[in-house]
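Asker: So the chains spell out like this:
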Amino acid sequence: MGKILENRPLARGYYRMSFEADFAEARPGQFVMLRVGLTHDPLLRRPMSVAGFENGVCTVIYRSVGKGTAILAEIREGETVNALGPLGNWFDPPSDAKKILLVGGGIGVAPLRFWHRRNGGKNAVAYIGGATKEDILCKEEFAQTVITTIDGSAGTRGLITAPLVSALEGAYVLACGPKGMLKAVDDLCKEYGATGELSLEERMGCGFGVCLGCVVDTAAGKKRLCVDGPVFKTGSVQWQF
Amino acid sequence: MGKILENRPLARGYYRMSFEADFAEARPGQFVMLRVGLTHDPLLRRPMSVAGFENGVCTVIYRSVGKGTAILAEIREGETVNALGPLGNWFDPPSDAKKILLVGGGIGVAPLRFWHRRNGGKNAVAYIGGATKEDILCKEEFAQTVITTIDGSAGTRGLITAPLVSALEGAYVLACGPKGMLKAVDDLCKEYGATGELSLEERMGCGFGVCLGCVVDTAAGKKRLCVDGPVFKTGSVQWQF
Amino acid sequence: MAILKVRIGSLELSNPVIAASGTFGYGMEFAERLDLAAIGAFSTKGLSLKPRGGNPMPRICETPCGMINSIGLENVGVDAFEMDKLPAIRKSGAKVIANFFGETEEEYTELARRLDAMDGVHALEMNVSCPNVEKGGIEFGSDPAFLEKLTAGVKKVCGKPLIVKLSPNVADIKPFAKAVENGGGDAISAINTLKGMSVDVKTRRPRIKRVIGGLSGPAIKPVAVRMVYECARTVKIPVIGLGGIASLDDALEFLIAGATAVQVGTMNFVEPGICQRLAEELNAYCEKEKIADIASLIGSLITE
Amino acid sequence: MAILKVRIGSLELSNPVIAASGTFGYGMEFAERLDLAAIGAFSTKGLSLKPRGGNPMPRICETPCGMINSIGLENVGVDAFEMDKLPAIRKSGAKVIANFFGETEEEYTELARRLDAMDGVHALEMNVSCPNVEKGGIEFGSDPAFLEKLTAGVKKVCGKPLIVKLSPNVADIKPFAKAVENGGGDAISAINTLKGMSVDVKTRRPRIKRVIGGLSGPAIKPVAVRMVYECARTVKIPVIGLGGIASLDDALEFLIAGATAVQVGTMNFVEPGICQRLAEELNAYCEKEKIADIASLIGSLITE
Ligand SMILES: Cc1cc2nc3c(=O)[nH]c(=O)nc-3n(C[C@H](O)[C@H](O)[C@H](O)COP(=O)(O)OP(=O)(O)OC[C@H]3O[C@@H](n4cnc5c(N)ncnc54)[C@H](O)[C@@H]3O)c2cc1C
Ligand SMILES: Cc1cc2nc3c(=O)[nH]c(=O)nc-3n(C[C@H](O)[C@H](O)[C@H](O)COP(=O)(O)OP(=O)(O)OC[C@H]3O[C@@H](n4cnc5c(N)ncnc54)[C@H](O)[C@@H]3O)c2cc1C
Ligand SMILES: Cc1cc2nc3c(=O)[nH]c(=O)nc-3n(C[C@H](O)[C@H](O)[C@H](O)COP(=O)(O)O)c2cc1C
Ligand SMILES: Cc1cc2nc3c(=O)[nH]c(=O)nc-3n(C[C@H](O)[C@H](O)[C@H](O)COP(=O)(O)O)c2cc1C
Ligand code: FES
Ligand code: FES
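Same order as they appear, the protein sequences are chains E, D, X and B. Going by this note's numbering, the first residue of the first sequence is number 282, and it counts up by one from there. Going by this note's numbering, the first residue of the second sequence is number 282, and it counts up by one from there. Going by this note's numbering, the first residue of the third sequence is number 29, and it counts up by one from there. Going by this note's numbering, the first residue of the fourth sequence is number 29, and it counts up by one from there.
Chain E with its partners taken away, still in its complex shape (with noise of 0.2 Å):
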C-alpha cells in the first residue's frame, strides 16, 4: 500500500498517478499491477507500465478506459494504492546503439518516457503518434520528437510508421503502442534492416506467471508476457489478431 502523491488528469482521458512505492527500483518496460477498489468489483488487478520511478516513488500514466482505470481516476491523492510490483522484463537496448528510436502510441508513451528519463540522450529520437493532438502524450519530456496525429491536429498527420521508415536504417526501436502498430513496426524493422524490442499487451490474471493467462507465441514457443515480456525482441513475434 503506497500513499498516492498526485492522481490528476494530463489530457483528456489521461491521468498521471505517482505513489509512494513499496518496492525499491524499477526498470523501464517494467510495470505493476495495480489493485482498484476495496471490493471484489472489479476483481482483477490491472497492468500499468512504470513511467517513472524516483526516490522510492513510482508513476503511472493512464487512460481512462473501462470500469477499473474510471475508478482509477476517482481516487484522490492522500488516498492509497496497492500495487504488485515491478513485474516484468525491461528495455535493454545494446550499449553501442548509435541511433534509438522511440516509438510510442497513444499511451504507448508511458514506458519510453521513463526509459528516456533514465537514459535519454543525443542518440535517442522519440516518435509519438496518436488520434488527436490529445493523445499525444509527454512530448515536451523527450529531447527530439516526431509527432503524427490521424486527424493532423498536431504534427504530420497520418501514423507514426510513415515518418519511421527513412530512420530506422541502423536503428534500433522501442516500441509501445496498439498491437497494430508494433506488427507495422516489426514488419518495418525487418524491411529497413533494423532492430529492437517491442513491449506488448495482453489481458492479464495475475502479472507474475501463474495464470497462464497472457500468452505470446513467439519464435521460441509459447512464452508467458507478464515474466516473459512485455518486451520482446522485433522478428520474435508471431502476430495473431
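Keep in mind the hints are simulated off the structure, nothing from the lab. These numbers come from a predicted model, not from an experiment. A portion of the hints provided could be inaccurate.
Only pairs whose alpha carbons sit at most 25 Å apart, straight line, appear in this in silico DSS-like list of lysine-lysine [unchecked claim]: (1) B:Lys-230 with X:Lys-316; (2) B:Lys-316 with X:Lys-230; (3) D:Lys-284 with E:Lys-348; (4) B:Lys-230 with X:Lys-230; (5) D:Lys-464 with D:Lys-514; (6) E:Lys-379 with E:Lys-464; (7) E:Lys-348 with B:Lys-230; (8) D:Lys-464 with X:Lys-230.
Once you have looked at the hints, place chains D, X and B with the ligands on chain E.
Answerer: Relative to the frame of chain E, chains D, X and B with the ligands by itself:
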C-alpha cells in the same frame, strides 16, 4: 443523486451524513435506500432511517457495521449519494397523547431524533440505551432524557427497559432499536398498559414492496416491513427470532 | 427511431426489454417509477391457483455481485390477480406476461386455461423450477421428456404465446430447450436462479432460513449468457435471455449471443427505473451504430 | 496456538488452507511471496502425461466479481514436473498435491502411478472435468457410475491420498460425491469452475477465443458453499471446499458448511500472499473464539 453536505463521525463507529435530497419531504419513521459505491459489489441498497429533513436536506445517522456502511463512511463531503425515498410509513401518535416515550436502542435513536425535531415538546421523554457511553447518540438533542448503558459508562447501568417500566402507564411509546429490545418494549407495554409504535428492521432487497424479502408476521397476517412498516403498532407483531 | 420491435410467438413487443418475474411485483408498484408502456413487457410475480404465504424469514441475503432469495413463491393467487391487480394494469398500457407455476400437471393446465382467458394478459410464462408433489418433489424442469409432455399439455389449453422458463441447475440445458420446442412452446426464457447458499459466520446459521435459495444478479451473468447462447443454437423459437443484466452492454451481450429479448430481474431493486432506461439506451445505441432493425443484432456473435 | 491440523486420508496438513490448482503455478512462483511451509498445502497446475500447449488466446476475461478462463490445461507434463519443478519444491517444505487429468482411463491410471511414486508429492487430486476422448468427448465427471469406476481404477495404483475434484456443472452433485466415496477416493474437492461466457459488445466476439470457459472467483461462492454442504452431508470422506474464497469469513463459511479444508484459487492472482494470511487469520480467529481444535468448527452449521 444528491450532493453530500456532511459526512463525519459522530462517535466511535457512528456517522452523520446530510445530503441534498431529490424528494421534497420526509416524515419521521420513514427511511431511504442508499446506493453504496458505483459497482455491483455491494449490490443492494442499504436502508437508513431519515434522522432529519430540513430545507431539502436529508440527514441519516449510521453505524459502520459491515461492507456497505464502511464504504459509506469513506465517501467525502462534496461527492454525491443516490437515495431512493422517502419510503415506508411513519410514526403517527394520536394528537392527544399526553405522555410520549421515545425509546431508542443504539442507532435506533436516529428516527426518534427526527420525530423529536419535528414534534418534540414537554410531553416527550427520550429513553436511550446503549452498550457503552459511545453508543448513546444525540442525547443533547432531546429535551428530556433517561439514559442507560450496559457497562454503566453513562446513565444507569442496565437495559433501557428497566427505567421505562415505571413510566409506561398511560404512555404512548415510539420505539426503535434491536429486535430484542423492541420485543421487550412490546411485552412491557402490554403488561403496563401502554400503547405505541415500534420501528422494525429486516434485510431489504428493494425497499418498495416488490421483492417480498422483508415480511413480518402480524396479527393481520404477513406484512412487508418496507411498505406496511417499518413502523408497527405495539401488540401487532408476532415476534420470531 | 430504430426498429426495436421483437416477436415472441404471436405477441409483438415494442422493444425487447422485459421486467423479470418476482422482481417487478404485479407491475403497478412501478407505475410511479417508470412508464409501464415504455418497456417491452413485464412478467408478474409467479402465480399459483391459491394464494401462497411463502417461506419463513430470513428470505434474502446479499452475496458478491449477487443475492440469494428464498421467497417461496409467495403470491396473491390467480383470483386476486384477476380481480385486484389486472384492472389497473390494463389501464397502464403495459404488456403483461403472466408467470405461473403448479405442483401438479393439472394445476399447470388449469392455471394456463385461466390466464389464457384473461383480458390484459398477453403471454404466459411457465416456471418449471418447482418441485412436482406427485413425482415426489422432483422438479418439473429436471427431466426433458416430462418437460415436453408438460409443455404440450399446457399449450393445448393456451392460445396465447407460451414461454417456458428454464432452470440453470442442470448439467446441459440444450435438451430442455429442445423439449420446449418439441412440446410446442412459443419461446424459452433462461435463466432462473442458480441454487446457492450463504452462511453467517457469527451465528453459524445459514443466512436464508431454508438454507438453500436462488442466486441472481450480475454474478450469474456469465452462466446465463452461456446458457442462452446454447439454447439459441439449439432451437428455432425465440429465447429470452436473463440473469444479471445491469446495463445496456449486458443486454447487448445477451442479444448478440442469440436472445430475441431480455429480462431484467434483481437490478429492478437497485434501480427501479432501469428497464425504461435500458429500452431508451438501446434505441440510442441502435441509432448511433446505424442498426436499422434490432433483428440484425440478435445472434450476431462472430466466432468464426 | 489452536489446533489447526486436518487430515485428508493419511495426509496430515498443518492447517486447512490449500492453494488451488491452476492458480498457484508449480508452487515456486510463490516462494518469494509467502512461506510455502506455512500453508496447509498447494495443488499444482493440472498435469498430463505429455506437455500441453493449451488453448488459443484470449484465454481470460473479467466478469462481475469473477473471471472466466480457458487456459486449456496447458502444463509442462509430468516428466518436466518431476525433473524441473519437484526438486526445488521438495526443499521448500511445502505439502504438494499433484493435480492431474487424462483423456482416457489409462492415462489417468498411468499418471496416478507416476505421481504416486514421486518423492515430494503428498497427495493426488484427480480433475475429472475433462472430456473423455474415448467416450466421444463426454466429461469423465458427468456420469456417476463411470466416475466410480475411474476412481476405483486409479485408487488401485495409488497409495497416497486420492482427492477427486468435482465439477459443478451437474444437476445434482450428491451422486458424484457418493461415487467417489464408493470408488475408494480419500476425499472430494469441490468445486471446479462453472461454465460461463462473455461477449465483447464492441467487437461482437466472445471475450474468450473458445467461447465458453470456466467461471471462478467470489461470484461463484454461493454455488460452491451449497455444493460443499450437499457433498458433506452425503459422504463420510473429507470434502475440501473451494470457489470464491477471498477472506477469513469466506473460508469459515465453507468449514462451517462441512468442509474439512479449503482451497483458494482466483484470489491468489489478486493477493499472492492470501493463503498464508488466511492460515494466520484462522489461527487468530480460533484463539479469539476459544476454539481449541478446528475440528469442532467443521460442519458446525446450525439449521435446527
Ligand atoms: C504490460 C502492460 C502495461 C500496460 N501499461 C499501461 C499504461 O501504462 N497505461 C495505460 O493506460 N494502460 C496500460 N495498459 C493497459 C491497461 O492495463 C488497461 O487499459 C486497463 O487494464 C483497462 O482496465 P479497465 O478496467 O479500465 O478496462 P476494462 O475494459 O473494463 O477491463 C476489463 C479487463 O480487461 C483488461 N484489459 C482491458 N484493456 C486492456 C489492455 N489494453 N491490456 C491489458 N488488459 C486490458 C483489464 O485489465 C480487465 O481485466 C497496460 C497493459 C499491459 C498488459
Ligand atoms: C428500515 C430500516 C432503517 C434502518 N435505519 C438505520 C439507521 O438509521 N442507521 C443505521 O446505522 N442502520 C440502520 N438500519 C440498518 C442498516 O440498514 C444496516 O446496518 C446496513 O444495511 C448494514 O449494511 P452493511 O453493508 O454495512 O452490513 P453487511 O452486514 O455487510 O450487510 C449485508 C446485507 O445485510 C443487510 N443488513 C445488515 N444489517 C442489517 C440490518 N440491521 N437491518 C437491515 N438490513 C441489514 C444489508 O443491507 C445488506 O444487504 C436500518 C435498517 C432498516 C431495515
Ligand atoms: C426475489 C426474487 C423473486 C423471484 N421470483 C420469481 C418467480 O416468482 N418466478 C420466476 O419465474 N422467477 C422468479 N425469480 C427469478 C428471476 O425472474 C430471474 O430469473 C433471476 O433472478 C435471474 O435474473 P436476474 O439476475 O436479472 O435477477 C425471482 C428472483 C428474485 C431475485
Ligand atoms: C486460470 C485458472 C486455471 C485453472 N486450472 C485448473 C487446473 O489445471 N486443474 C483444476 O483442477 N482446476 C483448475 N482451476 C480451477 C480452480 O482450481 C478452482 O477450482 C476454481 O477456480 C474455483 O475456485 P476460485 O473461485 O477460488 O478460483 C483453474 C482456475 C483458474 C482461474
Ligand atoms: S498474467 Fe498470469 S501468467 Fe501472465
Ligand atoms: S424490501 Fe423488498 S418487499 Fe420489502
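Asker: Take the hints in turn and mark each one as holding or not.
Answerer: Structure-based check of each hint:
1. B:Lys-230 with X:Lys-316: 13 Å, holds
2. B:Lys-316 with X:Lys-230: 13 Å, holds
3. D:Lys-284 with E:Lys-348: 23 Å, holds
4. B:Lys-230 with X:Lys-230: It is violated: about 45 Å lies between the C-alpha atoms, which goes past 25 Å.
5. D:Lys-464 with D:Lys-514: 12 Å, holds
6. E:Lys-379 with E:Lys-464: 23 Å, holds
7. E:Lys-348 with B:Lys-230: 15 Å, holds
8. D:Lys-464 with X:Lys-230: 22 Å, holds
This entry does not satisfy hint 4, going by the numbered hints stated previously; all others are met.
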